[in-house]
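Number of protein chains: 6
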Amino acid sequence: MNMKRAFYIGRFQPFHLGHYSVITSIAEEVDELIIGIGSAQRTHEANNPFTAGERVMMIRHALEDIDVHFYALPIDDIQQNPVWVSYVTSRTPPFDTAYTNNPLVIELFEEAEITVKQPPMYLREQHSGTEIRRRMLADEEWKHLVPDAVADVIDEIDGVRRLKRVSGTDGFDY
Amino acid sequence: MNMKRAFYIGRFQPFHLGHYSVITSIAEEVDELIIGIGSAQRTHEANNPFTAGERVMMIRHALEDIDVHFYALPIDDIQQNPVWVSYVTSRTPPFDTAYTNNPLVIELFEEAEITVKQPPMYLREQHSGTEIRRRMLADEEWKHLVPDAVADVIDEIDGVRRLKRVSGTDGFDY
Amino acid sequence: MNMKRAFYIGRFQPFHLGHYSVITSIAEEVDELIIGIGSAQRTHEANNPFTAGERVMMIRHALEDIDVHFYALPIDDIQQNPVWVSYVTSRTPPFDTAYTNNPLVIELFEEAEITVKQPPMYLREQHSGTEIRRRMLADEEWKHLVPDAVADVIDEIDGVRRLKRVSGTDGFDY
Amino acid sequence: MNMKRAFYIGRFQPFHLGHYSVITSIAEEVDELIIGIGSAQRTHEANNPFTAGERVMMIRHALEDIDVHFYALPIDDIQQNPVWVSYVTSRTPPFDTAYTNNPLVIELFEEAEITVKQPPMYLREQHSGTEIRRRMLADEEWKHLVPDAVADVIDEIDGVRRLKRVSGTDGFDY
Amino acid sequence: MNMKRAFYIGRFQPFHLGHYSVITSIAEEVDELIIGIGSAQRTHEANNPFTAGERVMMIRHALEDIDVHFYALPIDDIQQNPVWVSYVTSRTPPFDTAYTNNPLVIELFEEAEITVKQPPMYLREQHSGTEIRRRMLADEEWKHLVPDAVADVIDEIDGVRRLKRVSGTDGFDY
Amino acid sequence: MNMKRAFYIGRFQPFHLGHYSVITSIAEEVDELIIGIGSAQRTHEANNPFTAGERVMMIRHALEDIDVHFYALPIDDIQQNPVWVSYVTSRTPPFDTAYTNNPLVIELFEEAEITVKQPPMYLREQHSGTEIRRRMLADEEWKHLVPDAVADVIDEIDGVRRLKRVSGTDGFDY
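Residue numbers (the numbering used here), protein chains in the order written: chain A, 6 to 179; chain B, 6 to 179; chain C, 6 to 179; chain D, 6 to 179; chain E, 6 to 179; chain F, 6 to 179.
What the hints contain is simulated information worked out from the structure, not anything from laboratory work. The reader is advised that the hints may include incorrect statements.
No distinction is drawn between identical chains; accordingly, a pair holds when it is met within one copy or between any pair of copies.
Heads up, simulated DSBU-like pairs for lysine-lysine below, C-alpha to C-alpha not over 30 Å straight-line [stated by the list, open to error]:
1) 169 with 9
2) 148 with 9
3) 122 with 169
4) 148 with 169
5) 9 with 122
Predicted model only: the values in this text are computed from it and were never measured.
Just chain A, with the same shape it has in the complex:
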């Protein structure tokens, strides 16, 4: 069962076409791809409206037809940087390469002697979670920026309504 496996992490709030293009591109180089859903525990916030479970569902359906075998797995934020890599590796299948542009993640993986590669780039202005959430709040078009399956999931969970509800708030500011 020895395979070439890679790890790629994002918040996916929501999963969009930029993520999709990175993943299909990485997929060409590996046997299996592990997609880490970062800040998994965050939800019902202006910048993190969707639960980990909802994001898993978005990814699984959006990638239904791609050729590579992939895993979509929640990764909680843990507050201690030096144990983050071993936390990740205990919750994922073994992998030998991590794809990331985040400098802290690069440093942590390299200190743990895991190979880091830069993922391919995509157009960040449009294909960003921030822009998509802004459009949702402004009742502008957003569905063309995400895979169809993601739009379906957001409809099923009434996600735009939730985003609007939690955006007018600083959390538990009684």
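Fit chains B, C, D, E and F to the supplied structure of chain A, relying on the hints for placement.
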């Protein structure tokens, strides 16, 4: 023992006449009222000078003479929004209505199918914890903004002195 | 507002007539009594069937007619003995005497220089949570061992049924 | 995207043919199946030798050819029973039925008004994680009790050797 | 500053002559020795009567005259085996060899590619924390089993009295 | 073994000559000095580049030749102010005086009836962690601001490189 019970949450730093007027107003509609003391674990901070225990004491004495049966119970901040409602309901008597204006709390209760009502309003400029703490720091009058019993509690615990001590700090900024 | 306040802690699974007699006896010596609901976070277990909120409700109703002013406040187990006293004192009104027979609690309070007294005894064979839960499981009489208000609360929450459900289990033993 | 989704939870230490037969049976009744990997955080113990990531990998490969769309998602033990259901539902796609025989899990789901069904039975003497781990320790045959893909994963991670190493210990018993 | 550093871990409840002989023996092979005080957070228990700070003090004074440069550092139990090694290495100076007989610790260090050596043995019947605590409780001789400085520390903190107090208890068994 | 012991806390990111001069000055007044390494769990951040273990090593080597007996012990941030003092005292040898300028720390120690003294001052513009980290990032001179041994430790762990890596980031901002 089936009764009409409602839940109302605040930080009560300190408990003031605005809170008092909301509570007496809600009290007319219910058999029992559960007062959640939010951010219970926070204390000795510029915005949260009083312990949960001190806030319980303020509320119990301030409401000694009102007619409704009430509970004053600490509710810690927990960092995971989607479990917050079940955390609250496990630490309070059963209730069927929550009174709150906080959009996140409204969303969470409604997703859990608990009825939410807007509490009656009060004059927020004067009757606010922020204003009272500002006056305490500036040695201005503040006791007319809180029930007498609250002023007594703050005197017993030397609360103004503590507020002044912890206000000149960013917490553990060694 | 300086008053003579005492602290008494139990698990109250459920609150029974033994607890009641201890409390009425302590009540004669103090102005206010703080009743700590220990292991507050435990519930839905064979030895801890009731939530903190349900236990608060039992105590408040059972003591409705006693003369002393009392507080019923949840105290979670925390896993670090040496900070337990300061955890308790931050979540309760100030007190000067603790009533307990537990050797660890005695040691911790005495190291913190808080006076400890032995609470008065009661007949432990009958008036014990263990015996009452055994009777509930065996469909034997138990209501004469608790205040009427406690029996009412347990009926309202369908507590005996829950106890039976969670008793045949080792927790999350998948 | 509204679908009939069910939830099934186990520890899967390791995933074996008993699990496989339950899952193929449930799969006939639903559109999607969420497989919760319980006690996800436990690993490197005599009764829990495999990490959450390794168990995800076992399940994904063992079920590669079944017809139903499934998710394999880690579920950590959390120490507070009453929030367990909302913790699970925040980390999984929405589901309407839970399959379990565990009395505590039944009680918690039913209090949260989620339908519970009994999963179909299988021969528990042979098809049990306990028996398989016993055979691994005793160098007896065990591979016929698990799907081929699971045996491959355990070989890849040198799992039997790890089990032997961690079995002679009470954890961190310095 | 590159030096040969080793790591050795124990609970040291209390530090005794067996520990002393192991440490002086390891000290001959290294430039610096890191002594991890395991289960640091446990104290005021029958098997763990002393705080981390008290154990640090015992070790520092007991080893005052040995030649090697050493560190005595608390290591809390953390409940997740796979991150334990990175937790330890983030809280200690860098080291290249770990001395331990504990099978789990051996496995975890070896998976992290840190060299493990067996520490030299000592007579375990007498030189054991268990035996020393038993003697303390029974008012038998124990001071000849520990370095003089350790006996002094235990006297300063009135440790035998504390041990007796916390031994008659199952912790917070209200 | 009764001695005059004092407690002094800092973050030591990194340990510099300002800290050194404070410590040598306090050292004249006490038998033993406990140096608390605050925010111990923070590392690999722009303002907190070094691990607790690395900071312990800096301090131990920098102070090798001073006359007083000292301890360098990690103190994690804990999020509950009122238990902070008992957390500290459980992880340090007993002490009777704390040296600090932090208003919150002063308040907490004084509420716990521990004597607080102001540590002697030093030139804060140059001798500050902030300034030293700024110089490291700008490739300016910084080694003359720290003890030689600290510069050696930072070289051994390749600390400037790590600081540069983690400075271009907001943590786990996927």
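Evaluated hints:
no.	hint	in the structure
1	169 with 9	between (42 Å within a copy, 28 Å between copies)
2	148 with 9	between (34 Å within a copy, 25 Å between copies)
3	122 with 169	between (37 Å within a copy, 19 Å between copies)
4	148 with 169	within (16 Å within a copy, 39 Å between copies)
5	9 with 122	within (14 Å within a copy, 33 Å between copies)
Hint compliance for this structure: every hint is met.
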